[in-house]
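K.L.:
With the sequences and hints as input, model every part of the structure.
Those sequence lines, one after another, are chains P and C.
Under the working numbering, the first residue of the first sequence is numbered 33, with each subsequent residue one higher.
Under the working numbering, the first residue of the second sequence is numbered 33, with each subsequent residue one higher.
Possibly wrong hints are sitting among the right ones.
One copy or two, it doesn't matter: identical chains are merged, so the pair holds either way.
[To be verified] Calculated lysine to aspartate or glutamate pairs in the DMTMM-like style (CA-CA distance at most 25 Å, straight line):
(1) Lys77 - Glu57
(2) Lys37 - Asp280
(3) Lys236 - Glu211
(4) Lys35 - Glu74
(5) Lys99 - Asp63
(6) Lys110 - Glu134
(7) Lys282 - Asp142
(8) Lys236 - Glu74
(9) Lys236 - Asp142
(10) Lys272 - Glu134
(11) Lys110 - Glu131
(12) Lys100 - Asp142
(13) Lys111 - Asp275
(14) Lys99 - Asp275
(15) Lys286 - Glu144
To be clear, the hints were calculated from the coordinates, so they are not data collected in a lab.
Quantities reported herein were computed from a predicted structural model and do not represent experimental measurements.
If you want the building blocks of each chain, they are given just below.
Number of protein chains: 2
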Amino acid sequence: MIKGKVYITGAGPGDPSLLTLRAAELLRSADVIIYDRLVDPEVLKSARDRAIIVYAGKKTGDKWIQKKINALMLSEAKKGRMVVRLKGGDPMIFGRGGEEAEFLRRNQIDFEIVPGVTSALAGPALAGIPLTHRMLSSSLLITTGQEASSKRKKSVDWRLLARAADTLVILMGARSFPETAAELVSGGLSPNTPVAVIEWAATKRQRTRLFTLGALADGAGDEIAPPSVIVVGRVASLAKRLDWFRVDGKTTLKNARPASAGANRTSA
Amino acid sequence: MIKGKVYITGAGPGDPSLLTLRAAELLRSADVIIYDRLVDPEVLKSARDRAIIVYAGKKTGDKWIQKKINALMLSEAKKGRMVVRLKGGDPMIFGRGGEEAEFLRRNQIDFEIVPGVTSALAGPALAGIPLTHRMLSSSLLITTGQEASSKRKKSVDWRLLARAADTLVILMGARSFPETAAELVSGGLSPNTPVAVIEWAATKRQRTRLFTLGALADGAGDEIAPPSVIVVGRVASLAKRLDWFRVDGKTTLKNARPASAGANRTSA
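P.N.:
Written out as structure tokens, the structure is:
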């Protein structure tokens, strides 16, 4: 029996040109592509005409869908097919790539992991925010804001995180951010700490807004909508100086130039 | 006067197939390419015959070289040339991309930042280590070990970091790691915490070794050589279960199967 193989592949942060060469090559030759939501459909254009393309628009925590995805990977690989399991960003960063690999290993299916550019890093880079900086940041912490509200026992202790790293990057944290901001201030971060909210990172809808942590704790953030990458720390204010990303010729940094007089915006 | 532009571009972690499509396209059309050490020369093969290719093998902290790089970017861009400033991994993660962007902005030179796959994430992925995992890790902290020994005031407080995130990823920390491991234990991490040391990530020399934090604090780590990506946390032990990366058909995980009886290796 010829056994197939599953390629657990990162699709990058949105912009199809941020796919890796390896991912692009795999998509061109795949028999089956199983992809999640948030992946720009543009990246699927290079697939072969006879490729089977399955949308697995998984929401986090959806066990039923995960079982279907696992069963599909297994049955297609057992038929000898080349399966690309395509995930937004990097498959091993909040993408359950590790769990899918464990499932495949348990079922003796060969797999390969193809790293991708994660929006946790690309979002800030496109917004002109260096997550590390010789003078301002020598460490960065990436976490998810999602669990804060959905898990009984919170696995993210914001007060502990607050002062651990120079820069915090929070994914999937838009809805719970006012609460998170308050906990970070309780944990010892200054209310003046700059916060950049990058919406729709690496897409044509990308938009960056700058706040202070205190303003967000006080409710300025109820206008923050997913998908957003949130950057907390001194480097966030560099977005003003290094803003370069343009969509249709226009800056994507809002409410920051000229320096806003509004109480809710940082001007530090 | 036609002004050129500088593309601050990530070359990915080593394997040329992990370049982004955008980076590959820029390399094909660049007039000038200024690249750092640790970039696989293979990625330069697509450059045009008439492209000027400059090796800027910068060591961190080398101010003189940085000045030369800045001057070269400026003079070439002012001649109207398309300059690709190529950096290993992602240009904004310990790559001084932010500082170079600030320099260009101050000198009114247009720039673009092209994110790349960082070895901080790709190294673990290729070693079969998911940095986040629903059961084991909901946060990861990336930092550099280099400053620990070279700066008068340490900017990385290992005792504070120790328990902040579920997973620590340390770049450029090979030489100082025995010391770092001891500080992490002092900070409250169990000596049994698994540690994966991934040498030459994403190259044909990639090799993964597993230890415990306690064994490394006791000196097992004096054999750790740069370049290494070091992963500290429970996910590190998944390398045994998810090991898949092969070089010349051989596993790159050393001393882990069969479960070693040696005191210096983790078998948890």
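K.L.:
State for each hint whether it applies.
P.N.:
Now the hints, each set against the structure:
1. Lys77 - Glu57: The answer is both: 12 Å in one copy and 18 Å across copies each meet 25 Å.
2. Lys37 - Asp280: between (41 Å within a copy, 18 Å between copies)
3. Lys236 - Glu211: The answer is neither: 29 Å in one copy and 46 Å across copies each exceed 25 Å.
4. Lys35 - Glu74: neither (29 Å within a copy, 32 Å between copies)
5. Lys99 - Asp63: within (21 Å within a copy, 50 Å between copies)
6. Lys110 - Glu134: Within one copy only: 16 Å inside a chain, 53 Å across chains, cut-off 25 Å.
7. Lys282 - Asp142: between (46 Å within a copy, 14 Å between copies)
8. Lys236 - Glu74: within (13 Å within a copy, 32 Å between copies)
9. Lys236 - Asp142: between (37 Å within a copy, 20 Å between copies)
10. Lys272 - Glu134: between (43 Å within a copy, 11 Å between copies)
11. Lys110 - Glu131: For Lys110 and Glu131, only the intra-copy Cα distance (19 Å) is at most 25 Å; the inter-copy one is 50 Å.
12. Lys100 - Asp142: The answer is within: 19 Å in one copy meets 25 Å, while 48 Å across copies does not.
13. Lys111 - Asp275: between (50 Å within a copy, 24 Å between copies)
14. Lys99 - Asp275: between (43 Å within a copy, 23 Å between copies)
15. Lys286 - Glu144: between (41 Å within a copy, 19 Å between copies)
Checked against the numbered hints given earlier, this structure breaks hints 3, 4; the rest are met.
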